[in-house]
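**Q** Residue numbers (UniProt numbering), protein chains in the order written: chain Z, 1 to 109; chain X, 1 to 206; chain F, 1 to 355; chain B, 1 to 623.
These are computed hints drawn from the structure, not numbers from a lab.
Mixed in with the good hints, there may be bad ones.
[What the hints assert, rightly or not] Computed cross-link-like contacts, DSBU-like style, restricted to lysine-lysine with a CA-CA straight-line distance of at most 35 Å:
| id | chain 1 | residue 1 | chain 2 | residue 2 |
| --- | --- | --- | --- | --- |
| 1 | B | 341 | B | 419 |
| 2 | B | 536 | B | 416 |
| 3 | X | 59 | F | 168 |
| 4 | X | 17 | B | 601 |
| 5 | B | 601 | X | 5 |
| 6 | B | 416 | F | 80 |
| 7 | F | 168 | F | 196 |
| 8 | F | 245 | F | 270 |
| 9 | B | 411 | F | 72 |
Below are the chains, spelled out letter by letter.
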Amino acid sequence: MGNKNTNQSKVDLVYRKKKNAEEMKHQLISFGLMIGLTFVAFLTIASEDVGNWFAVPFILLLAVIQVAFQLYYFMHMNQKGHETPALFLYSGVFVAFITVLAFLTIIWW
Amino acid sequence: MEPQKMTAETFPASPEKATLEGKNKFVGFWLFLGGETVLFASLFATYLALKNSNAGGAKTTDMFDLTLVFIATMLLLTSSLTSVYAMYHMKNFAFKKMQLWLGVTVLLGASFLGVEIYEFYHYVHAYDFTITSSALGSSFYTLVGTHGAHVAFGLCWITALMIRNMRRGLDLYNAPKYYVASLYWHFIDVVWVFIFTVVYLMGMVG
Amino acid sequence: MIRKWRVYSLFLLLTLVLAGCGEPYLSTLKPVGEVADKQFFLTVLSTLIMVLVVIVVSIIFFYVIIKFKRSKVGEDTIPKQVEGNRNLEITWTAIPILLLIILVVPVVAYTLELGDTSAMDKKKRDPEKTLVVNVRASLYWWEFEYPDYGIVTSQELIVPTDQKVYFKLKASDVKHSFWVPSAGGKIDTNTDNENKFYLTFDSKRTKDAGEYFYGKCAELCGPSHALMDFKVKTLSQDEFLGWTKKMADYKKPTSTKDLALEGEKLFKEKNCLSCHAVEPGDERPEAARTAPNLATFGERTKVAGIKDMNKENVKAWLKDPESFKPGNKMTGTYPKLNDSEADALYEYLKGLKIE
Amino acid sequence: MVSTIAKKRGFGAVLWDYLTTVDHKKIAVLYLVAGGFFFLIGGLEAMIIRIQLAIPENDFVSAGFYNEVMTMHGTTMIFLAAMPLLFALMNAVVPIQIGARDVAFPFVNSLGFWLFFFGGIFLNLGWFMGGAPDAGWTAYASLTLNSEGHGMDFYILGLQIAGIGTLIAGINFLATIINMRTPGMTYMRMPLFTWTTFVASALILFAFPPLTAGLAMLMLDRMFDTSFFNPELGGNTIIWEHLFWIFGHPEVYILILPAFGIFSEIIPVFARKRLFGYSSMVFATVLIGFLGFMVWAHHMFTTGLGPIANAIFAVATMAIAVPTGIKVFNWLLTIWGGNVKFTTPMLYSVAFIPSFLLGGVTGVMLAAAAADYQFHDTYFVVAHFHYVIIGGVVFGILAGVHYWWPKMFGKILNEKLGKISFVLFFVGFHLTFFIQHFLGLWGMPRRVFTFLPNQGLDLGNLVSTIGALFMFVAVVILLINVIWTTAKGERVSGDPWGDGRTLEWAVSSPPPEYNFKQLPLVRGLDPLWIEKMDGKKGMTASEPLDDIHMPNNSILPVIISFGLFVSAFGFMYRQEHSWGLPVILIGLGITFATMLVRSLKDDHGYHIHKEDLTDDDDKGVKA
Ligand code: HEA
Ligand code: HEA
Ligand code: CUA
Ligand SMILES: [Cu+2]
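Please model the complete structure; the sequences and the hints are all you need to start from.
**A** See the structure below:
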């Protein structure tokens, strides 16, 4: 099983640990933001003052942002080597989008 | 051939992609998630088309309870963070810590599932709202239930991984498996974000 | 020798095509109204474009497969390995796009035009100018309701010529599709909602086409889908108004023949009346109208939409509808009939006419 | 060496070998045999259709039985014949074409086959267990829910199982092509068959989930009393139509794209000329795949979606003619200036061009929404899709089978029989379906079990039936050819056509289980041709000779699939028999327990040592 990492030095290891910690920090921040976005979404709906014409697109936008955090930070799509995953995920999102669009527009007419 | 025992030094930076098997799992699983996206889209679309078809029964505005959904959301979101944390420890070759945080993930996930089951139970008994009562019921339970089934499957999967590798520790054979399971778990969270937004929050405003 | 044979076969093909140009009461190639005309125009236009495409491709095709045969080129020659050609690529992208644009413009225009049913929803609709017919498809029969006149007929659709006839369509059990080929394309009758569209019938051409037009169910709906036919009769606008009056004033035909009276009695006793109405002004709700209205049965040209109208066929239908139309909804819903009962019922049914 | 051992083993051992195999080449044989079998069944059903429709008011079969035959013909041909046969060729060829020793997930590959197999068997059990599906291959919801007996349950459950198999097979091909290419095999050097496999697999990935969701809803409605499609409780049958066609339209491109790929392999070889416009061919393939997802509603023009939706979908549909045209002209220009040898595979490929062209242009006619109000659900549509499917997909499969037969089995199919069979099939095909365009225009709806005499439809239908007889004879001769070749054919070398261009012709016929002793180094498009033109005999190796890692065989895929097969019976009979529920649980239990075993038991495979590789010289890359 061609493992070519046997010669990694200690220095390397320290560097990697630092990088991992850095990444974890980003992930913590995005978690905080996600929680925040969730709060805002729930509050928007819970409050009586916000009109639906605004609330619905707004919470949808929040959901999209939150999901982007989830994908790019938690699922590492911000890292290299995720070109193929991104291609296929977005193709899926494209099909998903036109499916939902069609069902919202031409099922009941 | 058994994969060789590793140390923190020999453990590669991206253990999930260090072997060809790992690379294949990684790509294959992402592809699978692309397909899952479309599967859930079909269910979402159907729900959206039928969400006002309550056939005279309870409406979404009558039933949904924001507090409950909020608790469920927090549980699942947090479990996403704990599983990220577990992957952080995996990369640092800290097997025990990884297992620990996966354990926390499983507990959070299980509580989420508990809340959801309670919620369904409540709808059935308080509102007579079942999968057969109307097209709304059918599409609601199918969409949310499919998500719930994914949660349940994810729990079993992660638990099985934890038990299976308890003694063995981390190596390049099981690292991709852990990684992929955590991807799955995040994806479940992604779907939930849309469920709480599209089904529950939008369901509250009618 | 081979030449001659080729010419001969081409002729054969042509005669086959021409001679078989379909029957005027059934063929889309014999349009009898504006709607069918438009669709026929699109058919011809698209065919012409397609023939052009086929000819061009065929010329290149035959050229290359004849010219570059190995026996001509030589066993061992290795052709130049050409990568491609930018200008050619552009040409064969651009020309098809142009051809498609020629096609797309009328297609979109007609699609929008044929989909315009706003006239039937107008508040102040004049039923004489814009007639609306409610079509209801059921396993395996058709009901036509004229809401403006309070008339219900079955199996035979009566329409005025030279005006747009609007239809509101739906199905009562499974999906069907309403199609009168010579008058225009089809539209589905769904179980969930009503569909709307219109057809037109040209007075001159309908005369030439014969007694009536064939209507078909065009969506698979069960074993007897193939037999779910209906007939369309056209009347001039005046005749049509006359017809609606007669139908509205429908009086039960009073027969003097004993056999017919016997049949009328049987019709009640044998449970027929629980499904079939014998008056065009059927006031029961739709859901209760579970069988074809028989008020004008005596004038039909076909039994159950499919078999020629004669004593033999009517009796056979009454005794065993299953043998005519497998899976129909009448089979087994009434007590068995013996020969004389069937005779009596035939006599009675035959007398059901406007006059 | 390997094959002589195989011959000496008993039948039981061979059977066990095929049940447990994870070798893509053996899985290819499994797909070929199963798909071929279902093709014969589907063809037999087609013959019943044509005999019944030979004359008006025929009573060869009853109305109800006709609907079963018609439904099963369509379903079998699409799901159980055409797709698996294409999978057979993909499995046999694609890994070798990209210079891989195996697919990305050998176990999943085998699982995909067995799921398809058990799903197909289940679907066909309806014939013996009280009624086959009878609502058309499109299974429109209102009719499906109204259909009595268990026929449509066989459809729903059988397709669900087979569909999962197809989905994972698609994922496997994608991962294989993404990850397993040999050094130098960049995306833009991949043979077109690999490219089309890639795009078709992507279509599978995105098109099958809507089908899965739709079938699940049908299942819930039929077996668990939900009301997705029940208007009385607010349901809507149009949802099924959309889900089905969101799947269904890409499905037809899933079928045709690999066929396009096959022709793009064969034409250059027998014209001895590089594929004209390679990059625009690739571009067109991807574009067709992309557009394929935006046109599904052209099957629903008469549903009543409204004129604006119809107009949009009409325009989008017509757009597909453009990339397809690019392909057609590139094939023609490949032949132009070439040196063409008309072998059987080449005959099918050449005949494909005008045949498919006719089907394609009638497709564009159908796309003209307002005109389609007339064409829809008539024999015009039947003619259209048989022209594209037979003239495209079936010709492609037949061409590919003849072309790669020597690669798969080491013997060339008899050319004389092949050509006779081709001529009969070609003539019969046009005879059967050309006239159907006119039948449709003259007013003949499709899916009718009979028609009335003297309405101008008699002669056309008779001609059509006679054409079908020709096809029948052609298929019989093909079968004879297969048997004759297996018994009497002579063994051939690695490059039996002499002009092979791609990597599969660089290995022996049939290839060794590990494909390449050393992975080859690819220096451009048509790698083998490049080496040959440089005067070399084979590929240059990209790695030193080393041990080769191989996956272990496994019986688990069969058991997993069998579990679902068992549970399907439970689902079907749950409402009328008390044993239904336990059977569901037992079946699913078998499946999940086996999956657990698979994930708990480490499977590291084994190695073939390099010492064992060096002595047989004709296998793998000749360094
Ligand atoms: C392999 C399968 C396959 C393929 C490749 C196609 C290809 C196409 N199909 Fe077909 N189709 C089916 C299989 C297929 N179809 C099936 C099975 C059904 C029926 C399903 C059912 O109801 O049971 C169907 C039904 C169907 C319908 C619905 C008809 C109806 O029910 O009313 C329509 C309507 O738009 C359509 C359109 C097209 C078009 C535009 C293409 C295009 O992709 C064709 C493009 C190709 C060309 C056009 C030829 C080459 C191009 C050139 C040489 C360039 C120049 C050309 C022009 C400018 C025109 N098809
Ligand atoms: C891959 C797809 C495919 C293929 C290859 C075919 C092949 C053929 N089809 Fe097709 N057909 C469909 C897909 C296909 N079909 C679909 C999707 C439908 C729509 C169904 C629906 O409406 O729901 C349809 C519908 C359909 C109809 C319309 C039915 C109707 O609307 O009522 C007709 C009628 O002529 C027909 C005829 C044929 C014929 C004559 C062949 C011939 O080419 C077949 C040639 C093959 C043979 C002749 C095999 C010979 C067999 C043997 C030699 C075996 C004997 C021995 C043993 C089994 C041991 N088909
Ligand atoms: Cu009604 Cu077909
Ligand atoms: Cu299509």
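**Q** Hint by hint, say whether it matches the structure.
**A** Against the structure, the hints come out as follows:
1. Restraint check for residue 341 of chain B and residue 419 of chain B: the C-alpha separation of about 13 Å stays at or below 35 Å, so the hint holds.
2. Taking the CA atoms of residue 536 of chain B and residue 416 of chain B, the gap is near 33 Å; set against the 35 Å cutoff, the hint holds.
3. Distance hint between residue 59 of chain X and residue 168 of chain F is fulfilled; the C-alpha atoms sit about 31 Å from each other, no more than 35 Å.
4. Restraint check: the Cα-Cα separation between residue 17 of chain X and residue 601 of chain B comes to about 21 Å, which is no more than 35 Å; the hinted pair holds.
5. Restraint check for residue 601 of chain B and residue 5 of chain X: the C-alpha separation of about 18 Å stays at or below 35 Å, so the hint holds.
6. This hinted pair checks out: residue 416 of chain B and residue 80 of chain F have alpha carbons roughly 30 Å apart, not beyond 35 Å.
7. Our distance criterion of 35 Å between C-alpha atoms is met by residue 168 of chain F and residue 196 of chain F, whose separation comes to about 5 Å.
8. Taken as a hint, the residue 245 of chain F and residue 270 of chain F pair is honoured in the structure, with Cα atoms around 32 Å apart against an allowance of 35 Å.
9. Taking the CA atoms of residue 411 of chain B and residue 72 of chain F, the gap is about 29 Å. The hint holds against a cut of 35 Å.
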